[in-house]
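**Student:** Read off the chains here:
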Amino acid sequence: MRVTTTVNGTEQSVDDVWPGESLLYVLRERMGLPGAKNACEQGECGSCTVYLDGEPVCACLVAAGQAIGREVVTVEGLADGERLHPVQEAFVECGAVQCGFCTPGLVVAAHDLLARVPSPSDLEIREALAGNLCRCTGYEKILDAVRLAATRQARP
Amino acid sequence: MDFLQPTTWAEALTLRAERPDALPIAGGTDVMVDLNFDRRRPGALLDLGRVAELREWGADDGRIRLGAGVPYARVIEDLGAQLPGLAMASRTVGSPQIRIRGTVGGNLGSASPAGDAHPPLLAAGAVVEIASAARGVRLVPAAEFYLGVKRNALEPDELIAAVLVPAAAGPQQFCKVGTRNAMVIAVSAFACALHPDRGAVGTGIGSAAPTPRRAPEAETFLAGELEAAGLWESRGELPETLAAAFGERVAAAASPIDDVRGSAAYRLHSLAVMARRAATWAWNDYRKAA
Amino acid sequence: MSGQNGHPGRAMTDSTTTTVAPPVTGSGRIGDSPLRPDGTLKVTGEFAYASDLWHDEMCWGVTLRSPHPHARIAGIDITEALTVPGVWAVLTADDVPGDNAFGLEHADQPVLASEFVRYEGEPVALVAADHPETARRAAKKIRVDYEVLPAVTDPRRAMDPDAPAVHRPGNLVRHLKLRRGEVDPVAPVVVSLDFEVGMQDQAFLGPESGLAVPAEDGGVDLYVATQWLHVDQRQICLALGMPTEKVRLTLSGVGGAFGGREDLSVHVHACLLALRTGKPVKMSYGREESFFGHVHRHPAVMHYEFGAETDGTLVYAKSDVLLDGGAYASSTNAVVGNAGTLGLGPYRIPNVAVDAYGVFTNNPPCGAMRGFGCVQAAFAHEALMDELADAVGVDRVEIRQRNGMREGDRNITGQIIDSAAPVAELLQIVRDLPMPPPLDPSDIRALPGAVGNTTHGEGVRRGIGYSVTYKNVGFSEGFDDYSTARVRLEMTGGEAVATVHTAAAEVGQGLITVEQQICRTELGVERVVVHPKNTSVGSGGSTSASRQTYVTGGAVKAACEAVRAAVLERASMGLGRPAADLRLDGEKIVGTSGEVLASLGEVLGDDAVEETVEWHHRPTHAIDPETGQGDAHVQFAFSAHRAVVDVDVELGLVKVVALDTAQDVGRAINPDAVLGQIHGGSAQGMGLALMEEIIVTDGHVRNPSFTDYLIPTILDMPPMQVKVLEYADPHAPYGVRGVGEPPTISSGPAVAAAVRDATKKPLRRVPIRPEHITGT
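Residue numbers (my numbering), protein chains in the order written: chain W, 1175 to 1330; chain S, 59 to 348; chain X, 705 to 1480.
Bear in mind the hints are in silico, worked out from the structure with no lab data behind them. The beta carbon of each residue, even a glycine, is placed where N, CA and C say it ideally should be. Some hints could be false.
Here are the computed lysine to aspartate or glutamate pairs in the DMTMM-like style, where the Cα-Cα straight-line distance is at most 25 Å [what the hints assert, rightly or not]:
#1 X:K844 <-> W:D1190
#2 X:K983 <-> X:D760
#3 X:K1465 <-> S:D316
#4 S:K346 <-> X:D760
#5 S:K208 <-> S:E291
#6 X:K845 <-> S:D96
#7 X:K844 <-> S:D316
#8 X:K983 <-> W:D1190
One side of the interface only, derived from the structure: several residues of chain S facing chain W at Cβ under 8 Å [claimed, not checked]:
#9 G86
#10 L93
#11 I158
#12 E306
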């Protein structure tokens, strides 16, 4: 099966895709985009969160064929060249990254949250990020990072 | 494994009939787990994601026709007023990412006793719209749709087109117990709907029997007691003893098992508590709405 | 904060709930919190974890595992599997060229099962194919003829003389016997209780992965996520029958570890397949396989008894601890060591009788996990301390302060606590921290059950619990614990650059940042390159036991000192002054009164100065086999927690609303990373108290997935107030004290105590499930 999809603004085609493969496998193993992570492959951890047509989804639960002709944006597509997105910058600065395996998914989920809700309350942050498990940080510094990114984005 | 990708409903039904070995996939939140965990290897995947009709909902004669492919996120966003019970349940489904992809139709297709959409559909008196290329459309009440653990009333050549849910005529509630405060499969769940227009009460029980099910005796009991005490008209307080007795009857309708998520005894106990509380909240909402 | 026992005290506060400003990073020396060098790579998705590795011509390896907890293998037929197109190799025990045995302490675990399988999930055969699905399909075509044997799955039963033996000669891995003081002490007040702790999983997010690449010299290069490269290398070499120079390991990106990567997983398997196929082989577990692919925290069955004066002063303590080690030894021996020697908590107890046992069963193997034997025991001694407080009518914090260890005391093995032991102070700090606001039922997300909408305030009771615990840092009981560091200093493009090379695993905790900070501090340079972690330098020891900042930090410090001495020696020759009169300051050589004598560039020229140092911590000693007495540990780390919970007592649902803590870290090399360890460690302890358990029935794991093995989400973790004390340990480099494990030990018992306080139920088993609270 051939899968053609727009990833981070560039159209990519891959061949010989087994139809049981997930979008996550296609991104990681066929398109050279390992940023989205394979931590549970059952939608319970959020590590593989990517945008599909502008909405954050678990790439492990999207069948490869379902992404044909769609727009995918991964964590690799958030920075503006060398310049980190404010959410990425805040994660680094606040110590929200330890092992970092959950980070790509959390960065995409937080990016989506702040695009929809520019100044979320703590409970809003918690509900919005409840699908992203982190085992290292206890989430404290992730909350710090989202708050910091919100503050920075609010500035013109 | 083949990947079948119809773009129209008619094409989808034809493919369904031609390929009994195909597994329909919508949001993928159940199907892909089975594939990733090597639990299923169907002959084909029948992707319903390109069938535009399935992603629509509309109001029709006091009923909401919810296309089988409408994701939970849209139920929460668009239908909180018309289908409050289903919207509350939708908010408890998995994670935000899951709610963007997962669909009510998929929940019906999987027919897991733990599916979050089932209790509010039962309580509201929803009807499942089923279609096949050969025989057209048929309607099956939700209460008759679930046949066993992960078994439903679909024939091999049928697909779920939509679910028809009466718009709420009164308050609805949904409660779900899990052992974590987010992203958790129901240990037990309960939905209730007050139908003051017809002096009736609807119920739905999740994760506490081989299938989602109603608690008919509890429904009749509560509606009857409310009627007898003239409470529908007076909108007086719901007596605590009545709420508790309703809870006991809801629990009595369940037949749960022990599993890794919880004990049967706990499921019965929690149902009684949830039903008591949910009925009280719904009733209080009804009183406030006066 | 006032000093304690003459130590200069330094307190650092963090209250994160309102933080919006990024931390001040300083100049990147010790005591600062510079940014992680891998942070940008991790937020952009470019950081290469083991599961991201890719190689031209690579094929995929998968493992066939036993479905039975105990069986004899009568035969294995791989014929059909080999015929599957795309399959490159199918291997069984017969294909293991060296010893078919590995293990951290005892090589008792087969690389691939030959005669017996002893737990569900034990590896039996391997397949390499060009696509993981092909390999999975082929693995299903391997026919294994099992004769199922009776399984021993109850650790108490395993102790019976007539129980089937999992290994010869019997099922006892270790009995630690500890006796101190009077033989049969009596006390006016006696409390005793039984406790149970379930099997916890490390649940690191990055599943086990590695890439083995066959080399031209007939050896193999393995890129793998692990905690200890050299102990892996030793075991792989034995299994492959190869000398160390032929088996080279490089650490790839590690997605968390927490003890679960101390034992081998894909290591030998990937190498076997690579050597057989002549192709690079990647192995990467999924989540389900990960639950079978590493050891877990030992479940425990415990009986504890305290005898005390009527004012609560402890007279004696007795404990009987049984740890289920599962099918193979792993680190059970050392875990029993901790549960025994440290298992009565940070208290002064004159008379002691401890019996701690580790046994073999046909359950999943258990071994290292953060807190290592202390976690299980802490649930018991802290719950019993509350029981004693109530029995004598003394406040629960006060009774701990009254009995708390102080510097100079002897612990139960007779070892003198020779640095700060601020038990009473830590408790006072957490008690004095502001309490969370009262229950606000207006937003269900803040209530037990959250959006599950199970309460609007009905049935919710608040509870408060306290806990104080301690743990050893580093390896104990006579183990020669050391780390190796190679530091090189040279001029590059007119700038001094230090390169630090250790094999100590960075698993997320931030060791690489600490290594840079130490180099900057010792050498005065700004640029420090962290060399990839591999086996071309000596062992860094394990990233476990809260030991890397101490031990590898000590090694890096010592290597820097050696480099500095060598530089000054060179300068001394050039300047004609004794080296003792010279200092390295920034990139300058200065004299006794601070006058600049030369630049570093002038002294080094084109040369590099490189020194390698193997640094050992103070020796520890084996304990006496009859009395358990001895100086078993090198350092102790103390922490206290206060948990506040709201419990829906009718439904048994819990919302932790505060989890506040105080910990003595000796010296915070990187204060931000210290907080990160404390936050994350506390979350794991809370998880064990409330939700985390691998449920094993008759030897079968019933919940190997993130659907049913639940770890805390961001809605489960409360905001934390953290106070960090810095009472320097005079025996440790910079005064540091291990940080990683203590919070995992003290947080869980505090949460459990708070739930007991809210519910007034005994709750002697963790995790506390809703049905334990409701009694249904």
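**Student:** Which numbered hints are broken by the structure, listed smallest first?
**Tutor:** 4, 5, 7 and 12
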